[in-house]
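Engineer: Sequence:
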Amino acid sequence: MLNDIEFIDGFSTELSDDYRLAKSYVRDIPTQALVYIRSFTHKLAAQLAQLHDITFTSANLYDRIEQLNQQRVIDVAAVRTLHRLRTDGNRGAHPEKYHLTQVQLINIAEKSIHHILQLIEKLYQSLRHCTAPHYQFEAFDSYAGRDLCYRAVMQNDSEAQYLVGMSLKAKGLMLQEQEHALAQSIDDASSTISKTLNSSSNSNASMASEQTSADVFSQAAHWFSLASGQHQTALFEHGVSLLHGYSGKVNSAEGEQFIAQAAEHGVVNAQALLGFFYLVGSDQFEVDLSQAETLLTLAANAENAEAMSNLGVLFYQNQQFEQAYLWVNKAAQTGYPHAQYHLALMLEHGQGCTVDIAVSQQWMQEAAEQGQLDAMLRCGSDILHDDAASQQQLETAEHYLHQVIKYGRNVTAMIELSVALADGILGRIDVVQAAYLLQQANLHADDIQRQVIEPLWQSLLMQIESVIALNPTEAELAALQQAKRFLG
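Going from the sequence shown to the working numbering is simple: count from 1 and add 1.
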């Protein structure tokens with residue numbers, strides 16, 4: 002019986018390499034697996050168009066899938082699967098934007114492989130005019146990582162060196178998130194700012210203590226540097242490593258020059274980043290909106306979500322709202338949470354589009370679910386101010402605000418959550434957490450925010466004193482006194 006790789010090869014030899022490589026990297030380098038899945042989806046869309054004599058009017062994969070949909074080339078279920086594969090592929094390119102762990106990335110990559118197989122089974126009859134053959138799915142393995150390391154070290158293979166660097170970079174980004182979470186955890190004497198944060202910190206503490214993100218980034222920089230002489234994408238990553246000081250020392254000038262060289266050689270991520278430099282200015286590049294538009298358009302047409310979003314920003318700044326809406330919408334459709342948030346705002350205010358509050362709220366919620374901090378703050382605050390909110394919604398709001406505090410130390414989120422805990426909005430009163438959050442808000446606030454905090458501070462102190470006067474239990478008294486200490 003055929004195995005799954007042979008099954009794909011029988012359907013299309015052009016697709017089989019991407020499938021084979023994607024599957025081989027699922028366990029060791031899921032981000033790279035998802036990049037190959039995105040490539041697979043591009044090629045499959047092109048084959049479907051060729052079969053039906055369709056000429057695509059856009060280089061953007063979202064647009065191409067929608068064109069296939071409008072021409073009724075594939076059914077709704079197949080359209081949804083293609084969009085799911087496209088979205089997951091984009092997540093692999095920028096896992097740090099989605100706060101995804103290695104385990105989550107592996108799960109996404111594994112599911113994407115199975116989605117590919119289900120889709121090809123469905124399409125086999127229409128493209129090959131015969132029934133799909135039976136096949137046996139072979140389990141995922143972890144051989145690819147060992148093979149990569151052998152080729153990188155023993156054969157000086159630049160592609161393998163680049164992929165080892167990418168694996169280490171992904172690991173470094175995730176360790177960095179864990180370390181940031183640990184740095185913001187509170188000590189035992191001050192209770193907990195968030196059960197979720199503490200449990201996450203405790204479970205990750207041993208991992209973070211074994212190897213630091215700085216160690217891993219330094220290793221990644223080493224491999225990018227080795228590969229950069231022969232591998233253009235590695236040259237881009239080498240530039241990024243210098244820009245961010247992966248080896249311990251920032252070298253913006255040299256890093257930006259390497260990024261520019263990679264952009265000249267057509268590396269899409271380099272074009273996107275160089276376009277951003279021209280959009281906002283950088284160490285080596287002054288603002289040049291014409292250059293920014295050219296580079297961002299190149300990268301956006303190659304499905305780079307950040308480039309689409311930044312191209313929308315460029316048009317927005319020029320008050321070309323219809324063009325801004327077009328590109329922000331495209332970026333949002335890729336699953337890019339920052340674009341989803343800004344699209345929600347544009348729909349709310351009717352900038353470049355018709356006002357649509359319902360759709361705006363949908364995009365805002367989707368961005369929040371994907372960890373976009375501004376969207377989480379907005380959704381969390383809206384729920385807390387909704388008298389009809391269910392307990393489940395209130396729990397979601399609390400989670401969102403904890404996440405905003407965890408990743409951004411956001412003063413507004415601290416104030417909102419403190420008030421909710423002090424007033425019992427969440428279904429319980431917790432003056433210890435309320436006082437701690439207000440103390441932290443005051444610590445990070447600006448002068449205007451402190452004017453908001455001051456009356457809340459005094460009100461919470463009065464609330465604590467009034468409860469103490471009611472002769473609480475010994476345990477309750479200890480908690481109230483702890484809250485008073487937070488408020489000085």
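A hint or two may mislead.
Claimed, not checked - When the alpha-carbon atoms are kept at most 25 Å apart in a straight line, the in silico SDA-like pairs for lysine to any residue are as follows: (1) Lys112 - Ala78; (2) Lys172 - Tyr125; (3) Lys172 - Glu211; (4) Lys44 - Lys112; (5) Lys112 - Glu211; (6) Lys44 - Asn4; (7) Lys44 - Tyr125; (8) Lys112 - Tyr317.
To be verified - Here are the in silico distance ranges between beta carbons for each label pair: (9) Asp148 - Glu370: 32 to 38 Å; (10) Gln324 - Met2: 48 to 54 Å; (11) Asn157 - Asp447: 29 to 35 Å.
The set of hints was computed from the structure by calculation and includes no laboratory data. In this text, all values refer to a predicted model and were calculated from it rather than measured experimentally. For glycine and all other residues, C-beta sits at the position ideal for the given N, C-alpha and C.
Engineer: Indicate, hint by hint, whether the structure satisfies it.
Structural biologist: The hints, checked one at a time:
Of the pairs offered as hints, the one joining Lys112 and Ala78 holds, with about 16 Å between alpha carbons and a cut-off of 25 Å not exceeded. As the CA atoms of Lys172 and Tyr125 are separated by approximately 38 Å, the hinted pair breaks the 25 Å bound. For the proposed pair Lys172 and Glu211, the alpha carbon gap of about 13 Å is at most 25 Å, so the pair holds. For the given pair, Lys44 sits about 19 Å from Lys112 by alpha-carbon distance, which is consistent with the 25 Å threshold.
For the proposed pair Lys112 and Glu211, the alpha carbon gap of about 30 Å is over 25 Å, so the pair is violated. Restraint check: the Cα-Cα separation between Lys44 and Asn4 comes to about 22 Å, which is no more than 25 Å; the hinted pair holds. Distance hint between Lys44 and Tyr125 is fulfilled; the C-alpha atoms sit about 15 Å from each other, no more than 25 Å. For the proposed pair Lys112 and Tyr317, the alpha carbon gap of about 37 Å is over 25 Å, so the pair is violated.
At about 37 Å, the beta-carbon gap between Asp148 and Glu370 stays in the expected band of 32 to 38 Å. A hinted range of 48 to 54 Å for the beta carbons of Gln324 and Met2 is consistent with their spacing of about 53 Å. For Asn157 paired with Asp447, a C-beta distance near 53 Å fails the hint of 29 to 35 Å.
Consistency with the previously given hints fails for numbers 2, 5, 8, 11, ordered from lowest to highest.
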